[in-house]
Structure formats: C-alpha cells, structure tokens
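A.B. asks: Listed below, chain by chain, are the residues.
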Amino acid sequence: MTHVLDPDALPGATPAVHAPLPPYDDVTRSDSAFRGFLHGLPGVDQVGAEARVAQLGTRSIKTTSKAWAIDTAISMVDLTTLEGADTPGKVRSLAAKARQPDPSDPACPKVAAVCVYGDLAGVARDALAGTGIHVAAVATAFPSGRASRAVKIADVRDAVENGADEIDMVIDRGAFLTGRYLDVFEEIVAVKEACGDAHLKVILETGELKTLDNVRRASWIAMLAGGDFIKTSTGKVTPAATLPVGLVMLEAVRDFRIATGRQVGFKPAGGIKTTKDAVKHLVLINETAGPDWLDPDWFRFGASSLLNDLLLQRQKLRTGHYSGPDYVSVD
Amino acid sequence: MTSLFEYAPAPESRSIVDIAPSYGLFIDGEFVDGTGEPFKTVNPATEEVLTEVSAASEADVDRAVRAARRAFEKTWGPMRPADRGKYLFRIARLLQERAREFAVLESLDNGKPIRESRDVDIPLAAAHFFYHAGWADKLEHAGLGPAPKPLGVAGQVIPWNFPLLMLAWKVAPALATGNTVVLKPAETTPLTALLFAEVCRQADLPPGVVNIVTGAGGTGRAVVEHDDVDKVAFTGSTEVGRSIARAVAGTRKKLTLELGGKAANIVFDDAPIDQAVEGIVQGIFFNQGHVCCAGSRLLVQESIHDEVIASLQRRIGTLRVGDPLDKNTDIGAINSAEQLARIRELSDIGEAEGAQRWQPACELPDRGYWFPPTVFTDVSPAHRIARDEVFGPVLSVLTFRTPDEAVAKANNSTYGLSAGIWSEKGSRILKIADQLRAGVVWANTFNKFDPTSPFGGYKQSGYGREGGRHGLAAYLKGADQ
Numbered sequence: 001m002t003h004v005l006d007p008d009a010l011p012g013a014t015p016a017v018h019a020p021l022p023p024y025d026d027v028t029r030s031d032s033a034f035r036g037f038l039h040g041l042p043g044v045d046q047v048g049a050e051a052r053v054a055q056l057g058t059r060s061i062k063t064t065s066k067a068w069a070i071d072t073a074i075s076m077v078d079l080t081t082l083e084g085a086d087t088p089g090k091v092r093s094l095a096a097k098a099r100q101p102d103p104s105d106p107a108c109p110k111v112a113a114v115c116v117y118g119d120l121a122g123v124a125r126d127a128l129a130g131t132g133i134h135v136a137a138v139a140t141a142f143p144s145g146r147a148s149r150a151v152k153i154a155d156v157r158d159a160v161e162n163g164a165d166e167i168d169m170v171i172d173r174g175a176f177l178t179g180r181y182l183d184v185f186e187e188i189v190a191v192k193e194a195c196g197d198a199h200l201k202v203i204l205e206t207g208e209l210k211t212l213d214n215v216r217r218a219s220w221i222a223m224l225a226g227g228d229f230i231k232t233s234t235g236k237v238t239p240a241a242t243l244p245v246g247l248v249m250l251e252a253v254r255d256f257r258i259a260t261g262r263q264v265g266f267k268p269a270g271g272i273k274t275t276k277d278a279v280k281h282l283v284l285i286n287e288t289a290g291p292d293w294l295d296p297d298w299f300r301f302g303a304s305s306l307l308n309d310l311l312l313q314r315q316k317l318r319t320g321h322y323s324g325p326d327y328v329s330v331d
Numbered sequence: 001m002t003s004l005f006e007y008a009p010a011p012e013s014r015s016i017v018d019i020a021p022s023y024g025l026f027i028d029g030e031f032v033d034g035t036g037e038p039f040k041t042v043n044p045a046t047e048e049v050l051t052e053v054s055a056a057s058e059a060d061v062d063r064a065v066r067a068a069r070r071a072f073e074k075t076w077g078p079m080r081p082a083d084r085g086k087y088l089f090r091i092a093r094l095l096q097e098r099a100r101e102f103a104v105l106e107s108l109d110n111g112k113p114i115r116e117s118r119d120v121d122i123p124l125a126a127a128h129f130f131y132h133a134g135w136a137d138k139l140e141h142a143g144l145g146p147a148p149k150p151l152g153v154a155g156q157v158i159p160w161n162f163p164l165l166m167l168a169w170k171v172a173p174a175l176a177t178g179n180t181v182v183l184k185p186a187e188t189t190p191l192t193a194l195l196f197a198e199v200c201r202q203a204d205l206p207p208g209v210v211n212i213v214t215g216a217g218g219t220g221r222a223v224v225e226h227d228d229v230d231k232v233a234f235t236g237s238t239e240v241g242r243s244i245a246r247a248v249a250g251t252r253k254k255l256t257l258e259l260g261g262k263a264a265n266i267v268f269d270d271a272p273i274d275q276a277v278e279g280i281v282q283g284i285f286f287n288q289g290h291v292c293c294a295g296s297r298l299l300v301q302e303s304i305h306d307e308v309i310a311s312l313q314r315r316i317g318t319l320r321v322g323d324p325l326d327k328n329t330d331i332g333a334i335n336s337a338e339q340l341a342r343i344r345e346l347s348d349i350g351e352a353e354g355a356q357r358w359q360p361a362c363e364l365p366d367r368g369y370w371f372p373p374t375v376f377t378d379v380s381p382a383h384r385i386a387r388d389e390v391f392g393p394v395l396s397v398l399t400f401r402t403p404d405e406a407v408a409k410a411n412n413s414t415y416g417l418s419a420g421i422w423s424e425k426g427s428r429i430l431k432i433a434d435q436l437r438a439g440v441v442w443a444n445t446f447n448k449f450d451p452t453s454p455f456g457g458y459k460q461s462g463y464g465r466e467g468g469r470h471g472l473a474a475y476l477k478g479a480d481q
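Protein chains in written order, with UniProt numbering: chain Y, 1 to 331; chain H, 1 to 481.
Honestly, the hints are just simulated from the structure, not real lab data. Fair warning: this is a prediction, and the values are worked out from it, not measured in the lab.
Straight-line alpha carbon distances no greater than 25 Å define the calculated PhoX-like cross-link-like pairs of lysine-lysine that follow:
#	chain 1	residue 1	chain 2	residue 2
1	Y	K276	Y	K62
2	H	K425	Y	K210
3	Y	K62	H	K327
4	Y	K90	Y	K236
5	H	K327	Y	K280
Work out the full structure, taking the sequences as your base and the hints as a guide.
C.D. replies: Laid out in structure tokens, this is it:
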C-alpha cells in the first residue's frame, strides 16, 4: 500500500518519510506494528475516568485564585466564529473584541487567537496586525474532513497563504474507525508539512470516536505525527469537550512528554460556555498534566460565548456585584 | 511547594454547628448526666478541646439496657412494621436535611476532610436508613423464614473512623428488624452520635428505642457483657474483637464482628493504569487510611512496577494535606495522638526492616496530629508493614509475576476483609475474584460502599455481614431460635 504524502509529487518521486520521535521511531513501520502499538496503550476505564473528573469538579476556587483563573482563561481563549454566514465585518468585530475584551477595563488581558475559516484568515490577520494575537484557521475540509487528501492539503496551503499562523485540522474519522491508523497518521504528517511554520492543532472530533480508548489512541497518533496541539472537537458535533475526554487527552500529552521530551498542547473546544466550566478545565490541567500546561502556548479554549461569561465574572469580582449581558459586547 | 495555580483557602463555615460545653448520655429519650468520669473530645487537626462528654458507668449502661428492653416490649416490638419504617424514613430525611451540620461536626471531631464527610459519610449514612426503612415491612420476603422475629436488645460498639456511618450501619438494620439498641460511640468521636440522638428526638422516636452511652473501653465492656443484651455488634480492632468473642462465648447472645484488614489491591499489567493509580490512592489515602478495608498492600505485576510507582508518586504529589474543613483538602488529620504514635512506630519498623520509605514534599500544620501520605517499596511479605494493619496513610508495595502468585500473596494474610483487582480483562477479574478469600472484592474500583451490598470479613477480619439482605439476618432469630 502506498501513501501519497505530497499530492503534487510526481509519480515515482520518493514520498516524504516522517518517523516519530524516539523511542517511538519504529512504531509506524507497518499497519500491524502501528495497530499493535496503539492497542497496547493502557486502556481507559470510563467509570473511573468519570469519577476522577467528578471529584476534581468539587474543587472550590475562590477569591484570589478565581481572579487568577479568570484572567488566565481569558488569555487562553481562541475566540471563534465558524459559520456559513461569516463576513469580513463579523471577523473584524471579533478581532476588535479579541484585542480589548472588556472596553471598561484596559487591564483585562487579550485573548490568545481568533479562529475563523481559511478564506477569512486574511481579514483577521489585518485586523490583528501588531497585537500578538494569533490567527487560527480551520482547514482540511472542516468539519467533516470528507475530501480527498489533495483538496485538504490545498485548503491548508490556502489558509496559510491568507495569513493563518495556526491551522486547526480534522482527522479522518472514517479511516480511524475502520482501523486504518497509518492513513490517519500520514495525513497529519502531510498536513503538518503543508503548514510550514504555522502551528498545527489536530482535531480528533471525540464526539465521533465515542470511547475513551479511541480518544487515547487518536491523541497518540496526532502527537506521533508531529501535531503541536491536540484538540477535542470541531464544535459541530455533540458531545464536544467533555471533562473525561479532557482528562484522557491531558494524560496523553503528559505521558508523551515524559517519554519523548516533547511537549504538545491541548485545546478543548465546543460546549465550554461558563466560567465554572473553564475553571474546571484549569483545575483538570493543574492536577493532571501539571502547571507547565497553564499557559496560552500549551492550552487553549476553543470558544465563543465563554468569553462574555468570563468577562461578567471578572466584573463581578472587581466590583462586587453582578451586571447583566448588556455590560459586555455582543458579537 | 509553590505552584502557578494556588487554590485560595476555601473553608466550610463551622458556624452551622453549635457545640455545647458538655454532653450527657442519651437514655430513654432524655439527655442525662453519666456517673462515670467525664472526658474531653478534641479536634485532632488543632488539638483544641471541643467539649466535655459524660462517661457511662455500669449502672448507666444498665439503665440504658433496661430502657431499651422496655421499649422493645412496650412500643417498638409491638409496633406495626410499616410504622417502624416510617420512623426510619423520617430519620433518613432528617439526616439529609441536616447533612451540612453533620458533615462539619464529623470533620471537626474526627479530622477527616469535609469533602469526604460531605460527599461520602453523611449521604451514605442517610442511604442506610432509607434502604433499611424499606425493609421494615417486608421482612417476610427477605428469604429469612416466613415470619422472622427480632432478637430484642442490641448492644453495639462502633469505631472512630466513620463515626456516623458506622452508627448507621448498626442502628438502621437493628431498628428495621424490630430491635432496640444501646450504642457506644468511640471515645474520640462521640459528637455526631449525640447529634443523632437529637435527630431521634426530632423524629419523635419512642423513648428507649435508641440509647447512646458514651465512654471508653470500660463502657463498651459493660454494654457487651450486660446480661439482658441479646445481640452484640462490634466494629473495631481485632484485639478487642477477640476479647468480645471470649466475653460472649457461652451466652445466648448473637455476635457479629467487623474487625481489621490488610487488603491486597492487585494491579495486573493489562490494567487501566491511570484509573488504577486513582484506585490505589482512593484505596489507601481515603480517610487518612483509617479504613478497615483500606487497600494497604499494593500487589503490582513486576513488568509494570516502575511505571505504576512513578505515576503513583506523581499523583500523590498533588494530594492536598491540611485543614479538614477546607473544601479542597484531600487528606486530613490523624484521629488521635495514640493512633499517630502507632503509625509512626510501624513506619519506623518498616524502614528498619529494609523497605524504602517515600513521602512527597508536603508541609504539615504545626499543631494537631498529622502524617504525610507514605509509600513503602521493596516490601517483602515477611515485613511487618506487609502483615500488620497500620490504619494510616501508609501503602506497602509488593510485586508478583503471575496470576497464581498474585492470588497466593493476596491470600497470605491473617485478615480477609476486602481486595481489589485491576484489569481490563473481564474473564481474569472473575477468575481471580473467585480465588480471593476476602469478604468484598472490588474490580477496577476501590472503597465503594452501598447499603444494598453486604460487607464483612473472612478469618481475623471477623464474621457476620452488614448491609444488604444478609445484614438483616444478623438481627433476626434463625429458624432454630
């Protein structure tokens, strides 16, 4: 079976070979070797994973630690709009919000990135010029990923050329669920190559993978293939970023760094709407992967409505009383 | 240790509890002074004296037993079973209504984290009353004979590790089956039992049905040895259990004993490692390891030993030790100076015998009784820390190579209360569980309790079962009586 890594390569040209980091450099040598490796990862007990996140969910984060958590969470938001109805105007207004989330308080941190479809990446780049805020674009026939590899690669190149410095790709869930793990791996490798200098976030779409064992295996495929971030969901499938899924993915990035020395980021996306949800995720990182991940370089929230709730809670801490939805901007 | 994300103190308010300067005994529906020497109960996290409690003398115990006998003959015994059930439901609801008060009081008197008293002890205690309330009018359908009869007066002695929960395990089945009780709570943790006495009054429970006599060992002995007690139920140390068995031998009294344990928690190489590590932590550090069924012997397959120990140590490093009333505390205070001394002694012996002691870097409060979570590796089955019950946050790690060896080592104990198996392979779990001589075997979990599930031991862990249908039998006359 041959795998075309570069759709533009001429027949007969040597495909690019990507070997994972040691000590895993030989696990992708064949379909069966890769399958053996992935199925040899420790299983995940669903009941136990749910019990663990339920216990962490009882952590009581108050006063100064809550203030720190809210500001940190704001600085980790990938402020997202992924609608068919998106326009340059919508993206510019989102970019303005990203730069200054709370106009009433200049001390409010800015968000980490704005996340849009690839064709609007240029609008976002122009609107965010000089701010240090990243431009993330979804690509690879997002959200379904059902297109030929050549189309996906072209999609990525287009987004990068438009100005995205972060690419959020989707894995081929069809290939994963039929057990063609090497196909999934090689596609990520190819996308990573097409990204050039842009950071690659690999969306597993865990709501379609269903089991936590699958989540762990897909996480490892993405990390071995060179993904810079692993991300739960597109936001178009329910359930999206659940806490048990977050737990398993954080265990994966933790274990991968222990084994290879390379740190991979984590981005839950979809379904995180309240400050309470966000704080639960920060606690989960803190006590699973550890404080090294408590940084926008290593952790992001893919969210849209979350930001306004964070701002309202932030105002409440600052002023001592709750305001209403009219005290934050509508996007 | 500083961290990027410090959790600010989140203390549960203690203003909800109102601790009186002194407490009497609860006999025949009234609070009365005892005639023994009163004693003080302290908060083990601070050594602050919480209050003074009456001690029951033999004469006080006799009054309590006579009150229980009267209630058995005049009110509780003749009462319609459905009405007895109503009282139990009422008590269960009151426990729920006053849950926060009970939880705070339990953490103050016992030293356990509020997270555990709030999420485990109190809800489970209420669940035991709800469960047994349902049985009260259905006993003829329990498979224990066509018309099972109560025994009479039950004398019950409970330990300090789960004060209210152990009370519930004892009182709920006794009342549901039509018996009346005289209960002695542990000397170091009498307060929630006394608050429970208040709940009995609030529920209008007829006088004498529940009597609570506080005191030390002498009071317990008086309860156990009283001639008019028909049934003795004890949870506590094997040593005391043995002396109770001697005292009861040759009498008509029925006896159940729930004693010590040295449970094996067996982790196979095909286990879900992250959840197994959680289970190991839950198994030995839950309630500071003051758990008779604690998974104090970790049996880990040699091929994954290093990986499991590394994960375990990392996880233990995140445990938060400190103020029991802080909602983020994972490990609270050791219940008493005496218990702390025993944990220290056995740990020192472990080190002297050649095992490797590991403890995370953690700051312990200056006052109160504290012991950090501790793991001993290189433990051999001959070491005392592999055989004796420490009853503290101390884990002994042993290894095995094959399933047969795991079973042999797990069963190589004078105890047999509980065990745990971690494996993703269902057939293996069933086979190993069948070979383990332990009253409770958990698979891919640990320290999970439910009122519907019988609990009890093999060998020196005692006899009789509590909870479930089996637990009812301990409070009913057999076909031959």
